[in-house]
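Student: Keeping their order, the protein sequence lines are chains A, B and C.
Count along the first sequence from 1, add 5, and you get the number used in my numbering.
Count along the second sequence from 1, add 9, and you get the number used in my numbering.
Count along the third sequence from 1, add 27, and you get the number used in my numbering.
Do not rely on the hints blindly, as some may be mistaken.
Said to hold, decoys possible - Anything over 12 Å on all C-beta distances counts as not near chain B; from chain C, calculated:
| hint | residue |
| --- | --- |
| 1 | Glu42 |
| 2 | Ala87 |
| 3 | Arg228 |
Said to hold, decoys possible - Result set (SDA-like, lysine to any residue): computed pairs, CA atoms no more than 20 Å apart in a straight line:
| hint | chain 1 | residue 1 | chain 2 | residue 2 |
| --- | --- | --- | --- | --- |
| 4 | A | Lys41 | B | His30 |
| 5 | B | Lys71 | C | Leu374 |
| 6 | B | Lys56 | C | Trp220 |
| 7 | C | Lys218 | B | Asp98 |
| 8 | C | Lys287 | C | Trp220 |
| 9 | C | Lys299 | C | Glu270 |
Because the hints were derived from the structure by calculation, they are not lab data.
In this text, a Cβ means the ideal position worked out from N, Cα and C, and glycines have one as well.
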Amino acid sequence: MANHIEIDRDRCKGCGLCVASCPRQIIELGRDINAKGYHFAVQVDPSRCIACQMCAVSCPDVAITVYRGRK
Amino acid sequence: MDANDTAVFTYPRSLSRTPTHYCPGCLHGVAHRLVAEAIDALGVREKTVGICPVGCSVLAYKYFDCDMIEASHGRAPAVATGVKRARPDLVCFTYQGDGDLASIGMAEIIHAANRNEPITVIFYNNAIYGMTGGQMAPTTLVGMKTSTSPTGRDPIDRGAGYPIRMVELLNTLEGPVYLARQSLLSSADIFRARRVVQRAFSLQSKGFTFVEFVGTCPTNWGMAPVEAREWAQKRMIEVFPIGVFRDREAEAAKASAAKEA
Amino acid sequence: MGEKILMKGSEAIAEAAVRAGCKLFFGYPITPQNEVPEYMSKRLFEVGGQFVQAESEVAASNMCYGAAAVGHRVMTSSSSPGVTLKQEGLSYCAGSELPVVVVNVMRGGPGLGGIQPAQSDYFQATRPGHGDFRYIVIAPATIQEAVDLMMDAFDLADRYRNPVMVLADGLIGQMMEPVVFREDPPKEYDKSWACTGCAGREKNIVNSLYLDPKDLEDHNFHLFRKYDEVEKNEIRVEEYLMEDAEVALAAYGTTARICKTAIGLLRAQGFKVGLVRPITLWPFPYRTFRKVADRVRFVLDVEMSMGQMIQDVRLGVVERCPVHFYGRVGGMVPAPVEIVQQVQRLLAE
Ligand SMILES: Cc1ncc(C[n+]2csc(CCOP(=O)(O)OP(=O)(O)O)c2C)c(N)n1
Ligand code: SF4
Ligand code: SF4
Ligand code: SF4
Numbered sequence: 006m007a008n009h010i011e012i013d014r015d016r017c018k019g020c021g022l023c024v025a026s027c028p029r030q031i032i033e034l035g036r037d038i039n040a041k042g043y044h045f046a047v048q049v050d051p052s053r054c055i056a057c058q059m060c061a062v063s064c065p066d067v068a069i070t071v072y073r074g075r076k
Numbered sequence: 010m011d012a013n014d015t016a017v018f019t020y021p022r023s024l025s026r027t028p029t030h031y032c033p034g035c036l037h038g039v040a041h042r043l044v045a046e047a048i049d050a051l052g053v054r055e056k057t058v059g060i061c062p063v064g065c066s067v068l069a070y071k072y073f074d075c076d077m078i079e080a081s082h083g084r085a086p087a088v089a090t091g092v093k094r095a096r097p098d099l100v101c102f103t104y105q106g107d108g109d110l111a112s113i114g115m116a117e118i119i120h121a122a123n124r125n126e127p128i129t130v131i132f133y134n135n136a137i138y139g140m141t142g143g144q145m146a147p148t149t150l151v152g153m154k155t156s157t158s159p160t161g162r163d164p165i166d167r168g169a170g171y172p173i174r175m176v177e178l179l180n181t182l183e184g185p186v187y188l189a190r191q192s193l194l195s196s197a198d199i200f201r202a203r204r205v206v207q208r209a210f211s212l213q214s215k216g217f218t219f220v221e222f223v224g225t226c227p228t229n230w231g232m233a234p235v236e237a238r239e240w241a242q243k244r245m246i247e248v249f250p251i252g253v254f255r256d257r258e259a260e261a262a263k264a265s266a267a268k269e270a
Numbered sequence: 028m029g030e031k032i033l034m035k036g037s038e039a040i041a042e043a044a045v046r047a048g049c050k051l052f053f054g055y056p057i058t059p060q061n062e063v064p065e066y067m068s069k070r071l072f073e074v075g076g077q078f079v080q081a082e083s084e085v086a087a088s089n090m091c092y093g094a095a096a097v098g099h100r101v102m103t104s105s106s107s108p109g110v111t112l113k114q115e116g117l118s119y120c121a122g123s124e125l126p127v128v129v130v131n132v133m134r135g136g137p138g139l140g141g142i143q144p145a146q147s148d149y150f151q152a153t154r155p156g157h158g159d160f161r162y163i164v165i166a167p168a169t170i171q172e173a174v175d176l177m178m179d180a181f182d183l184a185d186r187y188r189n190p191v192m193v194l195a196d197g198l199i200g201q202m203m204e205p206v207v208f209r210e211d212p213p214k215e216y217d218k219s220w221a222c223t224g225c226a227g228r229e230k231n232i233v234n235s236l237y238l239d240p241k242d243l244e245d246h247n248f249h250l251f252r253k254y255d256e257v258e259k260n261e262i263r264v265e266e267y268l269m270e271d272a273e274v275a276l277a278a279y280g281t282t283a284r285i286c287k288t289a290i291g292l293l294r295a296q297g298f299k300v301g302l303v304r305p306i307t308l309w310p311f312p313y314r315t316f317r318k319v320a321d322r323v324r325f326v327l328d329v330e331m332s333m334g335q336m337i338q339d340v341r342l343g344v345v346e347r348c349p350v351h352f353y354g355r356v357g358g359m360v361p362a363p364v365e366i367v368q369q370v371q372r373l374l375a376e
């Protein structure tokens with residue numbers, strides 16, 4: 006598989022900081038809500054992910070893990 | 010998921026898995042993570058003692074996965090002094106907000122710095138008292154509205170004083186080894202902040218090290234997290250400029266290199 | 028037992044702490060106890076310890092909190108206005124169950140008051156800072172006793188994980204008397220709760236915050252079960268010439284010494300007078316006063332205050348006999364003859 010991120014939906018507080026930080030604009034706050042009642046973030050188009058970690062470092066709740074895919 | 014994918018950003022070992030009580034988008038969480046990453050990078054989790062303040066980060070003892078002491082309001086640097094005088098072999102950090110550090114704890118921070126206590130102080134500046142509901146802080150900007158400066162902080166007609174610049178203040182002292190201010194207001198800033206915190210921890214054995222973070226309080230500023238970050242970039246950074254104000258080790262290295270050349 | 032050494036009270040107190048294994052001192056100068064930090068600023072570095080002249084008493088008490096949190100024996104000393112500032116850190120020590128020893132060489136107040144001896148901190152010692160908690164309070168009357176109690180103070184602090192206050196006054200601090208230091212090595216206590224780094228174990232937390240009311244109530248219940256133990260095990264009191272006494276004086280510390288001189292004078296005139304001297308002010312020897320109250324015509328409580336310990340004396344006596352008061356304040360020390368006259372006057376009534 007290629008570059009992608011994993012968002013721990015139960016840690017996410019739907020703050021939107023990752024959304025604003027992603028240079029490829031491939032994260033959105035989804036429609037669904039998690040156990041705490043937040044609209045958690047989802048990566049909408051992993052194929053465009055460059056594994057730059059911009060989203061992960063900006064997340065105050067450490068909800069994002071970033072993977073770099075094998076070429 | 011492909012087992013061959015490498016995780017390039019993962020959850021730090023020194024941060025506990027307990028979800029924080031912080032409001033959505035509050036940058037206390039980012040600051041915590043940077044501290045935990047520095048502890049991991051130096052491999053010192055098992056000999057670290059953290060000291061948390063009174064303020065929104067009062068429960069930080071739950072969030073770091075190392076020994077933790079909860080201090081009274083403003084006294085974390087004094088508590089850290091007690092820790093390090095008893096056990097100089099331990100790594101010790103304090104984590105403090107602006108009310109805690111720059112108001113009620115002003116004497117403790119100045120004197121710990123002046124004695125060059127070998128501790129690392131992490132100072133989270135959000136220009137407001139978060140925990141008690143948005144009152145004016147010593148770092149509140151002139152004109153900024155808070156629940157106790159309802160018409161905006163007014164140093165002239167209401168005698169409310171001016172924002173205190175802690176790094177600059179500490180920079181007048183002989184003692185400290187490392188003094189820096191870094192913003193947490195963008196991903197690029199956070200990457201830089203990560204290096205700054207690690208530098209501070211790595212110099213702790215030499216003496217007093219201090220990192221101020223310019224952060225936010227979306228809740229009491231009455232802004233969405235992204236908006237709060239943008240507002241702080243525009244307004245706070247001009248009052249609280251970013252930079253490494255002092256790095257005694259780097260200065261010494263430079264001086265000896267110049268001598269050799 | 029070691030040899031006899033002639034020492035000034037404050038220095039003997041400091042040396043006793045060092046011999047009890049205390050290697051850390053944090054304090055702020057205030058008269059009349061400056062000899063304690065001055066002695067420590069030299070002595071502790073000789074034994075591989077640390078001395079810090081703190082920026083304030085507030086800071087000093089919180090430095091003690093830090094050092095105690097990593098499991099080390101630690102002390103501070105101060106005098107009345109400084110002790111007020113130390114109440115902050117000490118309440119946190121009690122809440123977090125940290126052992127700390129505090130010496131309070133009392134001076135007169137209120138406010139800046141004066142620098143002469145007084146006993147007007149009985150309240151702030153036995154009814155300490157904010158929250159439901161206690162200090163164990165011990166009040167020596169001689170320098171030898173101060174030395175012995177100082178060494179006991181560290182054991183009490185460690186055993187009960189609680190602040191212990193040694194309550195003295197300027198007279199005890201300034202007097203010179205020969206003393207002998209006990210030579211038994213400091214006892215070891217389990218300190219597995221201390222923040223020493225989490226190698227090989229779960230992390231430890233030193234904390235006094237309980238946001239859930241139920242948890243905080245349970246914590247208070249726990250502290251008070253411990254205080255029940257202290258009350259059961261640790262009350263110390265001296266009964267001096269009480270076997271045949273018709274009048275009991277009640278006094279602690281220096282005032283008790285003066286009372287003994289007065290008793291000598293009164294007995295020479297044929298008055299059967301004795302003394303009940305609480306050595307622990309908390310836990311207070313209520314039972315002793317209750318027992319004594321049935322046998323004497325009255326109790327005369329003598330203090331260098333406007334009457335503070337008398338409240339506890341009355342609680343012990345429970346109206347079984349009259350309790351009278353004689354006090355001097357502001358640094359005025361009652362002379363034995365004043366006490367003699369009081370007893371004679373009360374007996375004549
Ligand atoms: C002695 C004392 N005074 C006042 C308080 C109340 N109090 C709790 S937190 C706080 C201010 C915290 O503000 P800051 O340090 O800026 O941290 P933030 O909450 O913004 O992270 C105050 C005044 C207290 N707990 N103790
Ligand atoms: S790693 Fe970079 S590109 Fe990928 S989702 Fe995060 S911010 Fe966007
Ligand atoms: S930054 Fe973190 S908490 Fe905020 S929306 Fe993104 S994943 Fe959720
Ligand atoms: S009140 Fe402000 S500082 Fe406190 S957690 Fe919420 S956003 Fe953060």
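Student: Given the hinted pair lysine 287 of chain C and tryptophan 220 of chain C, is their Cα-Cα distance within 20 Å?
Tutor: With a Cα-Cα distance of about 45 Å, the restraint between lysine 287 of chain C and tryptophan 220 of chain C is violated, given a limit of 20 Å.
Student: If I take the minimum Cβ distance from glutamate 42 of chain C to any residue of chain B, is it greater than 12 Å?
Tutor: The claim holds: glutamate 42 of chain C sits with its nearest Cβ about 20 Å from chain B, beyond 12 Å.
Student: The output says alanine 87 of chain C does not contact chain B. Does that hold with a beta carbon cutoff of 12 Å?
Tutor: Check fails; 8 Å does not lie beyond 12 Å.
Student: Take a quick look at whether lysine 299 of chain C and glutamate 270 of chain C sit within 20 Å of each other, Cα to Cα.
Tutor: holds, 9 Å
Student: Evaluate the condition: distance from the CB of arginine 228 of chain C to the nearest CB of chain B exceeds 12 Å.
Tutor: violated, 9 Å
Student: Is the hinted pair lysine 218 of chain C and aspartate 98 of chain B satisfied, with a Cα-Cα distance of at most 20 Å?
Tutor: Given pair lysine 218 of chain C, aspartate 98 of chain B holds - Cα atoms ~18 Å apart, limit 20 Å.
Student: With a cut-off of 20 Å on the C-alpha distance, tell me whether lysine 71 of chain B and leucine 374 of chain C pass.
Tutor: Not satisfied, since the Cα-Cα distance of roughly 65 Å exceeds 20 Å.
Student: Check the hint pairing lysine 41 of chain A with histidine 30 of chain B against an upper bound of 20 Å on the C-alpha distance.
Tutor: The given pair, whose Cα atoms are some 12 Å apart, holds under the 20 Å limit.
Student: Measure nothing beyond the straight line between the CA atoms of lysine 56 of chain B and tryptophan 220 of chain C; if it is 20 Å or shorter, mark the hint as holding.
Tutor: holds, 15 Å
In summary, the structure is inconsistent with hints 2, 3, 5 and 8 from the numbered list given earlier, while agreeing with the others.
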